[in-house]
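Let the hints inform the model, and build the full structure from the sequences given.
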Amino acid sequence: MATETTDAAHGAEAASPGMPQLDFSTFPNQIFWLVVTLVVIYLVLSKVALPRIASVLAERQGTITNDVAAAEELKQKAADAEAAYEKALADARAEASRIAGEAKAEMQAEVDAAMVKADAEIAAQTAESEVRINEIKAGAAEAVKEVARDTAKEVVAALGIDIDDKAVEAAVATQVKG
Amino acid sequence: MEGDVVQMGAYIGAGLACTGMGGAAVGVGHVVGNFLSGALRNPSAAGGQTATMFIGIAFSEALGIFSFLVALLLMFAV
Amino acid sequence: MAEQNDQSASRAPAFIIFGLVAVAFIFGWINSKGAELSFHPMDQFEVKRFFGKGDVGTFTITNATFWMALSVAGIALLLVAGTRGRALVPSRFQSIAELAYGFIYKMVEDVTGKDGVKYFPYIMTLFMFIVFSNFLGLLPLSFTSTSHIAVTAVMAMAVFLAVTILGFVKNGLGFLSVFWISSAPLVLRPILALIEVISYFVRPVSHSIRLAGNMMAGHAVIKVFAAFAAIAAISPLSIVAITAIYALEVLVSFIQAYVFAILTCVYLKDALHPHH
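Chains as they are written, first to last, in the numbering used here: chain A, 9 to 186; chain B, 947 to 1024; chain C, 500 to 775.
Hints are supplied without guarantee of correctness; some may be wrong.
Restricting the straight-line Cα-Cα distance to at most 20 Å, the calculated cross-link-like pairs of lysine to aspartate or glutamate (EDC-like) are [unchecked claim]: (1) C/Lys552 x A/Asp31; (2) C/Lys605 x A/Glu67; (3) A/Lys55 x C/Glu597; (4) C/Lys552 x C/Asp542; (5) A/Lys153 x A/Glu177; (6) C/Lys547 x A/Glu81; (7) C/Lys617 x C/Glu597; (8) A/Lys161 x A/Glu177; (9) C/Lys669 x C/Glu608; (10) A/Lys161 x A/Glu143; (11) A/Lys55 x A/Glu81; (12) A/Lys153 x A/Glu143.
Residues of chain A placed beyond 10 Å of chain C at every Cβ, according to the derived structure [claimed, not checked]: (13) Leu42; (14) Ser54; (15) Val64; (16) Glu81; (17) Asp88; (18) Ala104; (19) Met123; (20) Asn142; (21) Glu162; (22) Val184.
Treat the hints as calculated values from the structure; they're not laboratory data. Ideal Cβ placement from N, Cα and C applies to all residues, glycine included.
Structure representation (structure tokens):
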């Protein structure tokens, strides 16, 4: 009996809070303070926090945009400078190649002239040399004939055969020719 | 002793109500799994649909929460 | 040198947290002599007078008041004091504040469209209050204001009434076309309209119970596992389970605040553009 009553009392005590969420006596309190809290948060946010964050974000966005624009400008400048440099380089290259071409043509002309001159000289010398060689050749043939004739005369004489010069000469001439 | 029977029924009911949460778990898993399989097929479109996925999760989870609430009511309020 | 200072500064909070955990552990161990298994998962949700004992009147300062005030203080600290520098390159607090702002602003803009942006401060208020209440409720020995149906129901009803009134003010009776799905076949439309009407009026219920239920369930589960820690044999398992559930609750705290805010945006979109 006693245990039952204490059990019941204990059970009642444990059950009386039950689910605190369904304890309607605390609802007005919670709702009141919730409304106060939300109003305070709303005021803090809408009066101070959100405009400030928005302005900071806008400022940052502006700065970034400006910086990007400035960077774009600098990039444009760099591109211009590069283009100018490229142009100067191309001009200088063209000038250099022109000068080189001129010098080359000049040199070519000189070389050609010198070649022509040298060719003429060489041709003249060659002609002269040919004349001399022909002379020498003729001389040599004559000398061979003479030596052959003389030798033949001597040989004939040595053999003791009497023969006239004309025959010897004719024989030698046919031999040399043949 | 009569009160005990009522309480027993309430507790059994609470336990049964809790099985509803399994359904919510299946639902949430289904939502996220389908989102992922779609997202992996077309990752570029996935970013914009994350919010939709969360809304879907919230709806299917709410039903599990309802069954949990029924369990709690049976345990403490009945 | 500066890097070293930075590291030691970032380590200090970790040491403080470990110290607190150790103290709590020793305290609990001393108190647990002769303790038996006792479940009080719902005790943490009790609304009590903050000073002294007695009944709770409408204007009494209760623990709910205290934790709501703390969330106001936290919001002010983060969003007002944190952005005081107005730095072009933000500090940590300022970057969190800007992140929160950008997150909610983008959500409102994406979901409700350009004309919904003027309701952004209201949604930001709801989101910040819920997220701070949820996270403060995760502190040991704290009270979670958002786990109370009274609190979430007031917010959900406020959203519901505001959206409904706004819908009628903006569109007149054209707002009723939100129930009349013109893309459906004509035969089905009355049935769909009935379903739409029912689901429209269930909105505040699900909107409020989802948040309160999630918060309540998570905290009650932590408490249930905490009660198991009184048995020495399974206390390690219980502590691991508490850690895991706690991590889940951190996630849920944020996601529920996000879901509340995004559903508000969806309802607002219905009010501004009722035609499907």
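A quick look at each hint next to the structure:
Only pairs whose Cα atoms come within 20 Å are accepted, and lysine 552 of chain C paired with aspartate 31 of chain A is accepted, the gap being roughly 17 Å. Annotation: proposed proximity of lysine 605 of chain C to glutamate 67 of chain A holds, straight-line Cα distance about 18 Å (limit 20 Å). The hinted pair formed by lysine 55 of chain A and glutamate 597 of chain C meets the criterion: a straight-line CA distance of about 16 Å does not exceed 20 Å. Under the criterion of a C-alpha separation no larger than 20 Å, the hint pairing lysine 552 of chain C with aspartate 542 of chain C is consistent with the structure, at around 16 Å.
For a cut-off of 20 Å, the pair hint linking lysine 153 of chain A to glutamate 177 of chain A stands: about 9 Å separates their Cα positions. Among the hinted pairs, lysine 547 of chain C with glutamate 81 of chain A is inconsistent with the structure: their alpha-carbon atoms are about 66 Å apart, more than 20 Å. Taken as a hint, the lysine 617 of chain C and glutamate 597 of chain C pair is honoured in the structure, with Cα atoms around 18 Å apart against an allowance of 20 Å. Of the supplied pair hints, the one linking lysine 161 of chain A and glutamate 177 of chain A holds, its CA atoms being roughly 9 Å apart against a limit of 20 Å.
Between the alpha carbons of lysine 669 of chain C and glutamate 608 of chain C the distance comes to roughly 18 Å, so the proposed pair stays at or under 20 Å and holds. This hinted pair does not check out: lysine 161 of chain A and glutamate 143 of chain A have alpha carbons roughly 27 Å apart, beyond 20 Å. Proximity of lysine 55 of chain A to glutamate 81 of chain A is assessed by CA-CA distance (about 39 Å); at most 20 Å being required, the pair is judged violated. Restraint check: the Cα-Cα separation between lysine 153 of chain A and glutamate 143 of chain A comes to about 15 Å, which is no more than 20 Å; the hinted pair holds.
Some Cβ of chain C comes within 10 Å of the Cβ of leucine 42 of chain A; the nearest lies about 5 Å off, and the non-interface call is violated. Not every C-beta of chain C lies more than 10 Å from that of serine 54 of chain A, the closest at about 4 Å, which undercuts listing it as non-interface. Not every C-beta of chain C lies more than 10 Å from that of valine 64 of chain A, the closest at about 5 Å, which undercuts listing it as non-interface. With a least beta-carbon separation of about 21 Å from chain C, glutamate 81 of chain A lies farther than 10 Å from that chain, consistent with its non-interface assignment.
No Cβ of chain C approaches the Cβ of aspartate 88 of chain A within 10 Å, the least distance being about 30 Å, so the stated non-interface status holds. No beta-carbon of chain C is positioned within 10 Å of the beta-carbon of alanine 104 of chain A; the least distance is around 52 Å. No Cβ of chain C comes within 10 Å of the Cβ of methionine 123 of chain A; the nearest lies about 78 Å off, and the non-interface call holds. The beta carbon of asparagine 142 of chain A sits about 104 Å from the closest Cβ of chain C, which is more than 10 Å, so the claim that it is off the interface holds.
Interface exclusion of glutamate 162 of chain A from chain C stands, the closest Cβ pair being 124 Å apart, more than 10 Å. Valine 184 of chain A, annotated as away from the interface, keeps every beta carbon of chain C farther than 10 Å; the closest lies near 116 Å.
The structure fails to meet hints 6, 10, 11, 13, 14, 15 from the earlier list, while all remaining hints are met.
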